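Engineer: Sequence:
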Amino acid sequence: MVTATVITNVSPDVSLEDWMQNPPDNTEWVDGELVEKNGVTLKHSRIQANVAYYWRNYKDSSGQGGQVYTEVPCRTNKQGRVPDVAYLTPELITQFGEPAALPQSFPLIAEIVSPTDIAEEIIAKSQEYLQSQGEEVWLVFPENRWIIVITQNQQFVFISGEVVSTQTVLKGFSVAVDELLA
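For the sequence shown, the working numbering gives the first residue as -19, with consecutive numbering after it.
Simulated from the structure, these hints should not be mistaken for lab results.
Some hints could be false.
[Unchecked claim] Result set (DSSO-like, lysine-lysine): computed pairs, CA atoms no more than 30 Å apart in a straight line: (1) K151 x K23; (2) K58 x K17; (3) K58 x K151.
[Claimed, not checked] Pairwise CB distance ranges, derived in the manner of DEER restraints: (4) I98 x P4: 33 to 39 Å; (5) D(-7) x G141: 31 to 37 Å; (6) Q44 x G77: 32 to 38 Å.
These numbers were taken from a predicted model, which means no experiment stands behind them.
Backbone N, C-alpha and C define an ideal beta-carbon position, used for all residues, glycine too.
All chains should be built: construct the whole structure from the sequences, respecting the hints.
Structural biologist: Now the structure itself:
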């Protein structure tokens, strides 16, 4: 996750449906307003690439198929969001094809948390994903070297020295926290 700033130089009547059809780069549609995602650092980008790399390699080597994306738009029940990393199952690819924005949450999402993010907002965003057909959300805390994995029914905290694993999507995937955050 990165900090967000309300964009003031766009038409105030951009609806969620408009955003879904043609989401401007680096934006989310939140609480009726177009907001710009900013504050990406080298560390954020590196860890985002690591998560995508490991998920992509695993889905290929395990034969589970699907696609791994970075900075890809989706709709939740309330907002238009752009997760840092997302995995889409083969079944959902068949169902939806490749729309401009996925009309629901991705089954597996990772958000890279920055030091300026507000905890309540991060937790609310993860719940928003889960309430919109998401199955598993990873909150990656690079500074603390924590990864919190949240599903509909459980929450797990993985720390430096441990191995993080998926719980409901990409069955069997695991990687050392330190390797993922390297």
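Engineer: Run every hint past the structure and note whether it holds.
Structural biologist: Right, here's what the structure says about each hint:
no. : hint                     : verdict
1   : K151 x K23               : holds (27 Å)
2   : K58 x K17                : holds (18 Å)
3   : K58 x K151               : holds (29 Å)
4   : I98 x P4: 33 to 39 Å     : violated (24 Å)
5   : D(-7) x G141: 31 to 37 Å : violated (51 Å)
6   : Q44 x G77: 32 to 38 Å    : violated (19 Å)
Violation of the numbered hints given earlier is confined to hints 4, 5, 6; the remaining hints are satisfied by the structure.
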